[in-house]
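Q: First to last, the protein sequences are chains A and B. Last residue of the first sequence: number 327 in the working numbering, and the count goes up by one each step with no gaps. Last residue of the second sequence: number 1122 in the working numbering, and the count goes up by one each step with no gaps.
One should not assume that every hint holds.
Computed spacing ranges between beta-carbons, pair by pair [to be verified]: (1) B:GLU1094 x A:MET204: 35 to 41 Å; (2) A:ILE166 x B:ALA1056: 36 to 42 Å; (3) A:THR240 x B:ARG1068: 38 to 44 Å.
Computed footprint of chain A on chain B; a stretch qualifies when at least three of its residues, placed anywhere within it, have a C-beta under 8 Å from a C-beta of chain A [as the list claims (entries may be wrong)]: (4) 1002-1013; (5) 1016-1028; (6) 1041-1050; (7) 1069-1082.
In case anyone wonders, no lab produced these hints; they're calculated from the structure. A quick note: this is a predicted structure, and the numbers were derived from the prediction, not measured. Quick reminder that beta carbons are idealized off the backbone N, C-alpha and C, glycines included.
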Amino acid sequence: MKLGGVIVVGVVLGLVGGLIYTWFVAPVQYYDTYPPMLAARYRRDWVKMAVEDYGRGESWDRTEKRLVDVPHEEIRVVAVETLEHAVAQGEPAEMLTRVARLAAAYGATGPGVTLYAGAQVVAPAAPAPTSRPSPTPPAATPTSSPVPTPTLTPTPTVLPPPPFRIISQTLTCDPLPSIAVSLQLSRTVEVRGRERQEMIGLPMRELWLIWDDGADRAITGFRPELGLGYVDFEVEPGRTYNLYVDNPHGRPILTIQVEPCAPEDGVGWTSRSLVLLDETQPEATATVTPTLTAGPAIDITVTAVSATGTPDALGTRTATVTVTSSP
Amino acid sequence: MKRLLGFLVGVALGVALAMLVGWVVFPLDRQEITPASMRADYRAEYVRLVAASFGADGDLDVAEARLRALEGMSFTAPLVELTEQWMAEGRSVELVAPLVELARAFNVETSAMVSYVAGADG
């Protein structure tokens, strides 16, 4: 065998023996690592815990240090998932806002982030102290049991009626019941000086269904083909639900029991389609200015109105006008 | 003689290449760096996060799985160690209480924890 062949054989043998040693006999050992080096599943769990902890009130500085060098893409994914989970679990609004702002700070977008992060999307507010609280030996700060304050007969609190009015309710019979809600606002539109009312859907509003041992929440506007204020829920037959808008507190807008259909309607469960009118907002107004475009002749009725609002001596005149495009 | 020398040089080159590949370029188990390998301050932070998470969701199984990733003598060992260390250092109740709560959920209660809880209860 020539010298070159002998060297090649030596290299191959050395490589094989070396790989056996480095991979199986003395594989690489990691110590003093930090979160970005963790295996993906552990790193993801670390990020999840850090995001949740920030949502519960941990300071921004501490959270930023916990997440340092972790790829922002991973943080975005976990933060958005955490936000969605928190929304589904009905976590407090403050937590949703904090998680959404964290997600936004790492570049996450989407309706949930936009909705909960609010206007201050750029950087999370971080009023919390950056250092740990000063040590407090537990023995030095004994806590006394609170002395119960005697209370008189509780004064009943009358809950204000919800500021939403049901203006339409349609019942249908379905094998799988549902509750659909369309949240609308009435506004006054002024067209050619005449006022008329029109209904517009309200997007990005929270609707809640609360039952004995659970809650469901949905945001209006995610199915624009059914209206900007539309949202629907799947419901369980036989269960009773309370419907709320914005906050699941106080008096519900409606208590709904999912009942079997009336015999004449067939076999199934009653689904409801509600239209709610938001009466919390000041009545909106809009002015529509018509634009004349070239086309066939149109009739225009002109009514002269005096300063007092009554027709003046001119009365009403009708004229036919033809609009042509200018060269 | 020349061939033997060539063979040995080849083996040395092969071993050097294997060390580069096996320890640097493609180290085995690169994907399984666990929280146990983290620096002590990060491990403490990890335990703190586990306790905070348990305080929020009350999921003992998840907390146990997370603590097992620290590969202690027993899965509660890192928790107990940190709790006692922070109690000894006089850390705030806010920091120590979640750890004690988690330890008690695992039915682990050392004498230091008992006296701590008694002190905290006043």
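Q: All hints are to be evaluated individually against the structure, with a verdict given for each.
A: The hints, checked one at a time:
no.: 1; hint: B:GLU1094 x A:MET204: 35 to 41 Å; in the structure: holds, 36 Å
no.: 2; hint: A:ILE166 x B:ALA1056: 36 to 42 Å; in the structure: holds, 37 Å
no.: 3; hint: A:THR240 x B:ARG1068: 38 to 44 Å; in the structure: holds, 43 Å
no.: 4; hint: 1002-1013; in the structure: holds (count 10)
no.: 5; hint: 1016-1028; in the structure: holds (count 9)
no.: 6; hint: 1041-1050; in the structure: holds (count 5)
no.: 7; hint: 1069-1082; in the structure: violated (count 1)
When held up to the earlier numbered hints, the structure conflicts with hint 7 and nothing else.
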